[in-house]
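Trainee: Each chain, letter by letter, is given below.
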Amino acid sequence: MSIMQEDTQQDKPQFSASAMKQVEEIFSRYPDERRASALMPVLHLAQSEFGGWLSRPALDYVAEVVGVAPIRCYEVATFYTMYNLKPVGKYHVQVCTNIACWLCDSDNVVKVLEDKVQAKMGGTTQDNRFTLSEVECLGACINAPMMQVNDDYYENLTADRVAEIIDRLP
Amino acid sequence: MSSKVQILFKNIHKKDSHTYKVARDGGGYKQAEKALNMSTEDVIDEVKRAGIRGRGGAGFPAGLKWSFIPKDNSRAKYLVCNADEGEPGTCKDRDIIRYAPHLLIEGMIIAAFAVGAERGYIYIRGEFVKEAKILEKAIQEAKENGFLGDKVGGKNFRFELAVHRGAGAYVCGEETGLIESLEGKKGQPRVKPPFPANIGLWGGPTVINNVETLSSIPSIIENGGDWYGKLGVEKSSGTKLFSISGHVNKPGNYEVELGIPMKTLIEEYAGGVRGGWDNLKGVIPGGASSAVLPKEVCETVTMDYDAIAKAGSMLGSGAMIVMDKSVCIVRAIERLSRFYRHESCGQCTPCREGTGWLSQIMTRIESGKGVEDDIDLLLSIGNNIAGKTICALGDAAVGPVSGSIKAFRDEYIYHVEHGRCMVG
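Chains as they are written, first to last, in this note's numbering: chain A, 1 to 170; chain B, 171 to 594.
Honestly, the hints are just simulated from the structure, not real lab data.
Certain hints may be false.
Below, in silico cross-link-like pairs of lysine-lysine (DSBU-like), each with a Cα-Cα straight-line distance of 35 Å or less [said to hold, decoys possible]:
{"#": "1", "chain 1": "A", "residue 1": "21", "chain 2": "B", "residue 2": "303"}
{"#": "2", "chain 1": "A", "residue 1": "21", "chain 2": "B", "residue 2": "356"}
{"#": "3", "chain 1": "A", "residue 1": "120", "chain 2": "B", "residue 2": "300"}
{"#": "4", "chain 1": "A", "residue 1": "12", "chain 2": "B", "residue 2": "191"}
{"#": "5", "chain 1": "B", "residue 1": "191", "chain 2": "A", "residue 2": "111"}
{"#": "6", "chain 1": "A", "residue 1": "120", "chain 2": "B", "residue 2": "355"}
{"#": "7", "chain 1": "B", "residue 1": "356", "chain 2": "B", "residue 2": "303"}
{"#": "8", "chain 1": "B", "residue 1": "420", "chain 2": "A", "residue 2": "86"}
{"#": "9", "chain 1": "A", "residue 1": "90", "chain 2": "B", "residue 2": "539"}
{"#": "10", "chain 1": "B", "residue 1": "191", "chain 2": "B", "residue 2": "420"}
{"#": "11", "chain 1": "A", "residue 1": "116", "chain 2": "B", "residue 2": "539"}
{"#": "12", "chain 1": "B", "residue 1": "191", "chain 2": "A", "residue 2": "86"}
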């Protein structure tokens with residue numbers, strides 16, 4: 001059983017013309033004969049282009065674009081935590097609960113979030129608006145507790161601020 | 171010892187300090203220009219004399235690292251900046267990147283020139299999306315102003331620089347794990363030797379330095395290695411950024427000379443311990459991998475490599491996690507053990523299995539189901555991990571557990587005897 005989503009219903013996705021331009025820019029950062037180094041940045045791009053996660057057909061497509069064997073792409077995609085191998089909600093809310101945040105009461109941030117969006121850590125709301133994840137240290141320890149919503153950091157959190165941030169998301 | 175020398179944070183309070191214009195007006199890239207007029211041997215010599223030790227955690231002398239790069243060699247050489255800031259408690263490099271990216275780029279130009287690297291990468295942790303954009307913008311500006319590209323500073327020296335984002339793996343902070351990741355693979359560390367100075371990125375000689383180390387280089391070129399060497403204390407020269415988090419009134423990143431008493435740093439810079447100094451329980455002095463020091467030790471210990479090592483811990487990345495008396499040490503360490511279990515890359519059996527065991531037994535004790543033998547079992551597992559793995563992640567997982575048992579064994583015993591914590 002694969003830990004990747006076998007989404008056979010889904011057609012193989014394709015980069016738009018503007019995304020392909022970004023791929024070319026990524027390739028230019030590495031010597032031509034070292035194209036495999038572009039795998040991670042192209043996976044990041046694919047994830048943001050294809051709805052926040054990477055299906056099996058998306059991984060096959062990235063392997064083809066970069067020119068590596070599909071297994072190399074699966075290895076990388078499963079090793080790193082930032083590649084989502086299952087669909088996530090519109091807003092992926094990641095709460096740090098590692099030591100510095102925990103000392104500053106990240107437990108309460110977790111609780112407020114779970115109550116607020118009505119989902120448990122690791123779960124997605126029924127309307128697919130929020131996915132909640134508990135994550136390891138995100139490197140903002142002096143501003144603990146903190147959370148990340150998609151690409152954005154929110155630091156020095158309080159219960160009120162967490163609720164306000166969630167309410168203000170478009 | 172004057173404690174007010176600012177090297178890294180000198181200009182960060184200026185408006186738009188991250189822009190080329192503000193950096194240049196503040197003297198930015200002048201030291202790169204100076205270095206390009208020196209011989210490569212002289213540049214390395216200044217850095218050696220400065221005695222600066224790697225700021226990422228391992229503390230290896232940077233000048234010595236550079237000198238290991240073979241000279242008479244036709245293979246392409248590389249310079250890599252380690253910006254994979256992931257050691258829990260550490261968030262200093264982020265501030266350099268956000269507020270002084272040109273200082274880092276300037277340090278990289280000098281380093282690349284010294285070792286003969288024509289290509290460099292900044293490997294930044296994947297979650298730092300905004301920080302990566304700031305760096306990309308700064309690189310673009312440096313290029314436009316002739317400090318990156320074919321003729322750096324108008325000299326016959328070529329240096330290309332790019333940002334490479336990670337994707338969430340603590341182990342990539344280990345330099346060979348980082349290289350694997352940069353090559354587009356899983357970040358599993360390599361067996362050493364060969365060291366990266368001989369066989370690194372794409373098989374070429376490679377220097378890997380931390381953000382803070384590289385950003386300190388321009389000041390060494392400006393004032394000389396001897397000047398830098400006089401800052402701080404013997405064998406711990408220079409200034410250092412300390413990320414102070416947890417139970418202090420003013421958590422933050424502070425730049426001070428190495429050798430400052432820990433108590434002074436916490437009391438005078440970080441606003442003191444929440445509830446006063448006497449409310450202190452202990453401090454993790456150098457990032458999550460370093461052993462916690464109890465209050466008695468914190469009273470007198472100084473913040474330099476040797477003093478912290480002598481006290482039974484390590485200076486590491488300089489991330490101080492301060493804990494007041496409300497903290498249950500067992501629960502704190504249980505959380506860290508869960509982290510190491512999650513981050514073990516899985517290639518060495520002692521670490522892959524051992525971090526799981528540590529975490530499970532810590533959870534058992536924390537949840538009140540532990541027995542007294544579990545405490546020695548933890549130490550025994552630790553002995554079977556430490557020093558028996560390819561990289562230091564295994565040792566890092568052991569440090570917090572064995573260190574906390576040494577300093578707070580009574581709390582562990584209370585946990586197994588009463589099935590709960592002694593602090594409420």
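Trainee: Which of the listed hints are broken here?
Mentor: Hints 4, 5, 8, 9 and 12 are the ones this structure does not satisfy, whereas the remaining hints hold.
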